[in-house]
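Chains A and B supply the protein sequences, listed in that same order.
Number 226 marks the last residue of the first sequence (the numbering used here); no jumps.
Number 188 marks the last residue of the second sequence (the numbering used here); no jumps.
Treat the hints as calculated values from the structure; they're not laboratory data.
Being a predicted model, the structure only gives us computed values, none of them experimental.
Worth double-checking, as some hints may not be accurate.
[Stated by the list, open to error] So the derived list for chain A, only partly shown, Cβ under 8 angstroms to chain B, looks like this:
#, residue
1, Leu8
2, Val22
3, Leu105
4, Val128
5, Ile191
Yeah, the Cβ is synthetic: ideal placement off N, Cα and C, and Gly gets one too.
Take a look at the letters that make up each chain.
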Amino acid sequence: MAELHDELLLLEADWPDTPDLVEAVLATPAPAARRRRPWKPALAALLATVAVVMAVEPARSTVLEWLGLKSVEVERREPTPVPGATLQLGIPLSAGEARERYGDLAGPPSGLGDPGGIYAHDGGVAFVYADPDVLVQRFPGRVREFIQKTVGAAASLERLRVGGDPAYWIEGAHGFAYRNRDSVDYEDQRIAGNTLLVERPSGELIRVEGDVDRDRAIAIAESVPG
Amino acid sequence: MVGRPLEETELVERARDGDAAAFAALVRGHQEIAFRTAYLITGNAADAEDAAQEGFIKARRALGRFRAGEPLRPWLLAIVANEARNRRRSAGRRAALALRAAGEARPSGEAAPSPEAALLAGERRAALLDAIARLREDDRTVIGCRYLLELSEAETAAALGVRAGTVKSRLSRALERLRAELGEDARG
Chain A
1 MAELHDELLL LEADWPDTPD LVEAVLATPA PAARRRRPWK PALAALLATV AVVMAVEPAR
61 STVLEWLGLK SVEVERREPT PVPGATLQLG IPLSAGEARE RYGDLAGPPS GLGDPGGIYA
121 HDGGVAFVYA DPDVLVQRFP GRVREFIQKT VGAAASLERL RVGGDPAYWI EGAHGFAYRN
181 RDSVDYEDQR IAGNTLLVER PSGELIRVEG DVDRDRAIAI AESVPG
Chain B
1 MVGRPLEETE LVERARDGDA AAFAALVRGH QEIAFRTAYL ITGNAADAED AAQEGFIKAR
61 RALGRFRAGE PLRPWLLAIV ANEARNRRRS AGRRAALALR AAGEARPSGE AAPSPEAALL
121 AGERRAALLD AIARLREDDR TVIGCRYLLE LSEAETAAAL GVRAGTVKSR LSRALERLRA
181 ELGEDARG
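Okay, chain A solo, but in the shape it has when bound (with noise of 0.2 angstroms):
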């Protein structure tokens, strides 16, 4: 065995190059410094909100250049849900009405059958599908992010490649919300499970949520028509 142990030591592996990771370590919004003397907790915790929230407006930019979609807006916090909030889907439609009316985008994804329902809400298509209990949408790209998700400690963000790509994966709770195209703010958010995002070089943008893994939920993205 001492032999073995001796090679060991001798032993070196050609690690893949360090990526640098002090940028994007410090876009994140940093923590309330700590604070030398006591204070009472309520004002205590007053104040660490409001340096929280002072944090991230100007950490925004910074994080959306890193994570690198350019529809969806990404926060690090614990999420704020509205109670009772659910996402529009929309106005219902059949496959022909929806074709007619939005052409390419309104293509399902292929290997799940045929949708339980689709549905039309600002510009983007939603199909709806039980077995697996999953929600596929696409939005049309726009200029500005119109995503929010907001990432606190019961989720895992991912960032990966589908198709060549660039897609988050989040795993776990997180919150939601949605901003129309007409509007300055987002809807109130709500809590999404399981969620891959991916932008496609056009900036339409394929959402997948629902009780699905990431393997999974990569294929199906995959499998949606360009």
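Assemble chain B onto chain A, guided by the hints.
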């Protein structure tokens, strides 16, 4: 060796007080070992980058809970390794470690080997890495931490999420299985 801990302690103190440059210096100082530890666990450079990055972000948030005077590296590695394991689990696949042997072994202080001996040594290094890559995950990780990353037992324990005493026994079993792997290779 006295200067570095003092310097790091000072950086931690400043980072706790909101000094971004101080935290940046801590990231620079530890990002390589953090990334490689994550790579050892995920077997994938993109996942390792994400895990290391997220680990540093969480560490920054948790810096107020870090016990002053303790070594920072095991604490950081525990956070990063945990992120890496979460990513590996969410990927739902076995991490396949693809490491090549570096071109040169470390200086041993001995005379340079003959070209034939150097070639054999190179083949042996590649065989060792291949055999490590074939091991089950627990074995691969503990050997990787101790020998490839040269982590201390305490750092390895932090990265594996086990007690320091467990590292010794786990490493011993892993080495036995590595030896068996190499034996199979020899017969093949």
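Checked hints:
The restraint placing leucine 8 of chain A at the interface with chain B holds, with a minimum CB-CB distance near 4 angstroms, inside the 8 angstroms limit. At about 5 angstroms, the closest approach between the beta carbon of valine 22 of chain A and any beta carbon in chain B falls short of 8 angstroms, and the interface hint on this residue holds. Against a cut-off of 8 angstroms between C-beta atoms, the interface hint on leucine 105 of chain A is violated, since the closest Cβ of chain B lies about 29 angstroms away. Proximity of valine 128 of chain A to chain B is violated relative to the hint, the smallest CB-CB distance being about 24 angstroms (cut-off 8 angstroms).
Among the interface hints, the one on isoleucine 191 of chain A is violated; its C-beta lies about 19 angstroms from the nearest C-beta in chain B, farther than the 8 angstroms criterion.
Violation of the numbered hints given earlier is confined to hints 3, 4, 5; the remaining hints are satisfied by the structure.
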